[in-house]
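Spelled out, the chains give:
2 protein chains.
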Amino acid sequence: MSTLRVELINTGSELLLGTVRDSHLQWLGKELFPLGFRFDRQTTVPDGSGIRDLLMEAFPRADLLIVTGGLGPTTDDMTRDLVAEFLGLKLCRHEITLERIKERCRARGFAFQPRMERQSMVPEGALVLPNDHGTAPGLYLPAVEGISWSSPHIFLLPGPPRELQPMVQSSVIPLLKDILLREVGCDPMERECRTYKIVGMGESLLESVIGLELSKRGDLEVGYCARPNEVDFRLIGSGKVLDEVEPKVIQSVGDHLVSDGEKSMEEIIVNLLEEKRMTLATAESCTGGHLANRITNVPGASAVFKEGFVTYSNTSKTELLGVPAELIQVHGAVSEAVVCAMAEGALLKSGAVYALATTGIAGPGGGTPDKPVGTVWLALAEAGKVTFSWKELIPTDRLTFKQVVTQSALDRLRKRLKGFVH
Amino acid sequence: MSTLRVELINTGSELLLGTVRDSHLQWLGKELFPLGFRFDRQTTVPDGSGIRDLLMEAFPRADLLIVTGGLGPTTDDMTRDLVAEFLGLKLCRHEITLERIKERCRARGFAFQPRMERQSMVPEGALVLPNDHGTAPGLYLPAVEGISWSSPHIFLLPGPPRELQPMVQSSVIPLLKDILLREVGCDPMERECRTYKIVGMGESLLESVIGLELSKRGDLEVGYCARPNEVDFRLIGSGKVLDEVEPKVIQSVGDHLVSDGEKSMEEIIVNLLEEKRMTLATAESCTGGHLANRITNVPGASAVFKEGFVTYSNTSKTELLGVPAELIQVHGAVSEAVVCAMAEGALLKSGAVYALATTGIAGPGGGTPDKPVGTVWLALAEAGKVTFSWKELIPTDRLTFKQVVTQSALDRLRKRLKGFVH
Numbered sequence: 018m019s020t021l022r023v024e025l026i027n028t029g030s031e032l033l034l035g036t037v038r039d040s041h042l043q044w045l046g047k048e049l050f051p052l053g054f055r056f057d058r059q060t061t062v063p064d065g066s067g068i069r070d071l072l073m074e075a076f077p078r079a080d081l082l083i084v085t086g087g088l089g090p091t092t093d094d095m096t097r098d099l100v101a102e103f104l105g106l107k108l109c110r111h112e113i114t115l116e117r118i119k120e121r122c123r124a125r126g127f128a129f130q131p132r133m134e135r136q137s138m139v140p141e142g143a144l145v146l147p148n149d150h151g152t153a154p155g156l157y158l159p160a161v162e163g164i165s166w167s168s169p170h171i172f173l174l175p176g177p178p179r180e181l182q183p184m185v186q187s188s189v190i191p192l193l194k195d196i197l198l199r200e201v202g203c204d205p206m207e208r209e210c211r212t213y214k215i216v217g218m219g220e221s222l223l224e225s226v227i228g229l230e231l232s233k234r235g236d237l238e239v240g241y242c243a244r245p246n247e248v249d250f251r252l253i254g255s256g257k258v259l260d261e262v263e264p265k266v267i268q269s270v271g272d273h274l275v276s277d278g279e280k281s282m283e284e285i286i287v288n289l290l291e292e293k294r295m296t297l298a299t300a301e302s303c304t305g306g307h308l309a310n311r312i313t314n315v316p317g318a319s320a321v322f323k324e325g326f327v328t329y330s331n332t333s334k335t336e337l338l339g340v341p342a343e344l345i346q347v348h349g350a351v352s353e354a355v356v357c358a359m360a361e362g363a364l365l366k367s368g369a370v371y372a373l374a375t376t377g378i379a380g381p382g383g384g385t386p387d388k389p390v391g392t393v394w395l396a397l398a399e400a401g402k403v404t405f406s407w408k409e410l411i412p413t414d415r416l417t418f419k420q421v422v423t424q425s426a427l428d429r430l431r432k433r434l435k436g437f438v439h
Numbered sequence: 018m019s020t021l022r023v024e025l026i027n028t029g030s031e032l033l034l035g036t037v038r039d040s041h042l043q044w045l046g047k048e049l050f051p052l053g054f055r056f057d058r059q060t061t062v063p064d065g066s067g068i069r070d071l072l073m074e075a076f077p078r079a080d081l082l083i084v085t086g087g088l089g090p091t092t093d094d095m096t097r098d099l100v101a102e103f104l105g106l107k108l109c110r111h112e113i114t115l116e117r118i119k120e121r122c123r124a125r126g127f128a129f130q131p132r133m134e135r136q137s138m139v140p141e142g143a144l145v146l147p148n149d150h151g152t153a154p155g156l157y158l159p160a161v162e163g164i165s166w167s168s169p170h171i172f173l174l175p176g177p178p179r180e181l182q183p184m185v186q187s188s189v190i191p192l193l194k195d196i197l198l199r200e201v202g203c204d205p206m207e208r209e210c211r212t213y214k215i216v217g218m219g220e221s222l223l224e225s226v227i228g229l230e231l232s233k234r235g236d237l238e239v240g241y242c243a244r245p246n247e248v249d250f251r252l253i254g255s256g257k258v259l260d261e262v263e264p265k266v267i268q269s270v271g272d273h274l275v276s277d278g279e280k281s282m283e284e285i286i287v288n289l290l291e292e293k294r295m296t297l298a299t300a301e302s303c304t305g306g307h308l309a310n311r312i313t314n315v316p317g318a319s320a321v322f323k324e325g326f327v328t329y330s331n332t333s334k335t336e337l338l339g340v341p342a343e344l345i346q347v348h349g350a351v352s353e354a355v356v357c358a359m360a361e362g363a364l365l366k367s368g369a370v371y372a373l374a375t376t377g378i379a380g381p382g383g384g385t386p387d388k389p390v391g392t393v394w395l396a397l398a399e400a401g402k403v404t405f406s407w408k409e410l411i412p413t414d415r416l417t418f419k420q421v422v423t424q425s426a427l428d429r430l431r432k433r434l435k436g437f438v439h
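Which chain is which? The protein sequence lines are Y and X, in order.
So the mapping is simple: my numbering equals the position in the first sequence, first residue as 1, plus 17.
So the mapping is simple: my numbering equals the position in the second sequence, first residue as 1, plus 17.
Watch out, some of these pointers could steer you wrong.
You can't tell identical chains apart in this list, so a pair holds if it fits in one copy or across any two.
Pairs of lysine to aspartate or glutamate residues, derived as EDC-like cross-links and limited to a Cα-Cα distance of at most 16 Å, are as follows [unchecked claim]:
#1 K47 - E31
#2 K233 - D93
#3 K366 - E336
#4 K265 - E74
#5 K408 - E141
#6 K388 - E409
#7 K408 - D387
#8 K280 - D428
#9 K435 - E399
#10 K265 - E230
#11 K408 - E353
Hints were generated in silico from the structure; no laboratory data involved.
Okay, chain Y solo, but in the shape it has when bound (with noise of 0.2 Å):
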């Protein structure tokens, strides 16, 4: 990575309110991490004055700063002014972006606002980052090294983040490339991130069987971030040490590995399930409809997905599924025998290769001392084998409860793909 240290701000008091949330954060930094670039630290501050201080911090340590917001034309939008104002720079009107707002209006149909005329005010200096999808244009300063006094990089860039992202494409990405050239006069990618996305095993046991070892050798960087029943384990390093140890981190996790991307689960299922050319049902009580809808999220799963049922009632299972009533009445609509029957239903009446079952309590009502709230049966169909059912117990939040057993579902059917279990 290039040594800059690299600072972002972003203003807004719907940020720090809670009405909005920030997606900045997230989209810049998986863009400027291929580069060579990574954010030290991120700010947000309420709309108006309040940036000036944090001005006033970040300028003698950041290389490179990066603002978001405050460009439009209302009054609250006061981060040209206040930038310039700190600077010592005066504002002189740019006219093509004047031209380019007026013009933006007549192609729209909207009258021209006299306050829109600020947003064409640009501090002495600063390039002009053209905004094809709103009025305010971005702005980049570029480092001023005094004798007493410098300034990192500042880009002011516009709130909204389709407006945002486009700019950056086109017009941040391309300066970033030159600046890093310049300053740091070499390659900067010699540092590559690499996650891997795993499931079915904790973050504790995850350091202690390879994490803490890898964090040992000290030329790389280990990280974890936890969801439920999916832990990402992240290793940023050189290409060559991170090819050296991937072997042994394939090998430490085993059949837990899901995927060494971005892949998520249900982009796996459906991948594995389309080169098979095999086909999948689904059918759910607990879950609701979720595992369904996890897996017709990735586009083409209408290639492998054959059907849902969501039988959410006795009377459904027995009706959609042919669960007989009395295996219900003698076991209950949880239990091993009627998971058994739900998938195998689903697997005659769709006529599938697979089917998922799910049935379960996901509270916070219906539990029983017997089967507590968190309760889960699963089970696993495949044409031509001996139905596979397992129970769990998740006690958690409802919404959470139906992530961890589609999860756990789909990880089975992965598993089952993937010829690590029969």
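Following the hints, complete the assembly by docking chain X onto the known chain Y.
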């Protein structure tokens, strides 16, 4: 609002690398506002010792500091240690927490890893906030007023949202109320925030029919938050002013008002069905289970949701819902005739009072000049009534498409249940 200065610090390299998108700022911002707290600043720093510099900066200016993440068992989890070191506090083992961690491992059938013990180490004087959904407890360190030195109130909370959120609700909010009462000595609730959830009316239109007029009053803060086919219209002001303008707001938005609080569309639907003792079934093609999933996310959905069909293939439309094969051949799967037959088939099969059906082209593939990506037909069938059907064009990404289509389907059912449409 209170005059306390509140800051949020999120730790996690994955946030700065962009592999994970932060949700804490938004969620906490929303939770804390009704108490009278508003974040003045939010900062993200990498895992590890970078948090030390930030603590140094934030201590003198903050009255209340919330730090998320870095409390787990792995080597990159350093928040607990760094805060204790910074405050000069010894870490002591908290036996109850250790027992809880061991108990949790037993209950879930995991082996206790020696590394997990770190999570039971607590700075002296800290209050332990139990974690019902994970191993790492939260910690509260009360403010210390010294002569040459003072520290703010500090909350250390676990990174995973499913652990943090219940902990905030059960432990942090009651403590914050106490802090406010002690430090501010008055009821901070002179200002309220009311949110109106509006569907089928864009934010520009909303601004012109009511927003602009209200923002001119000067005694109200007006805000908008747009999501796929849903706008939150936010008013902040005194209870008296809010009561005064509320009838006007309700009149202006008419039947587009889904709820005057935090209730989601799906909660409103389940509540309305419960009240009227009515039942629902779903027949989904393009939404692939998302409709059933949204409904079954609501606790108690089992009382009103009969069953759901995810009929992705033409065969499944015919076999499960009785849609005549010729109908599909003549009109195509994405057509008025087919969506009506799907809804009526689901009604007949399930015995429910209402059935919603969707069939469309989610994309990115599958579009034709005649039926481009984003085309969707929807239907609402009701026992003893003529089926209502309608067409929409929603050219967007796959997940947004599913969200907008299900929102539209549920909104039609809402209007029927409320008697706005027949």
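Going through the hints against the structure:
1. K47 - E31: Answer is between: at 10 Å across copies they meet the 16 Å cutoff, but 23 Å inside does not.
2. K233 - D93: Classified as between; 12 Å across copies, 49 Å inside a copy.
3. K366 - E336: For K366 and E336, the Cα distance is within 16 Å both inside one copy (11 Å) and across copies (8 Å).
4. K265 - E74: Neither. Shortest intra-copy (44 Å) and inter-copy (41 Å) distances fail the 16 Å Cα cut-off.
5. K408 - E141: neither (64 Å within a copy, 42 Å between copies)
6. K388 - E409: within (11 Å within a copy, 44 Å between copies)
7. K408 - D387: The answer is within: 14 Å in one copy meets 16 Å, while 48 Å across copies does not.
8. K280 - D428: Answer is within: at 14 Å inside a copy they meet the 16 Å cutoff, but 33 Å across does not.
9. K435 - E399: Within one copy only: 14 Å inside a chain, 45 Å across chains, cut-off 16 Å.
10. K265 - E230: Cα proximity of K265 and E230: one copy only (11 Å, versus 65 Å across).
11. K408 - E353: within (8 Å within a copy, 43 Å between copies)
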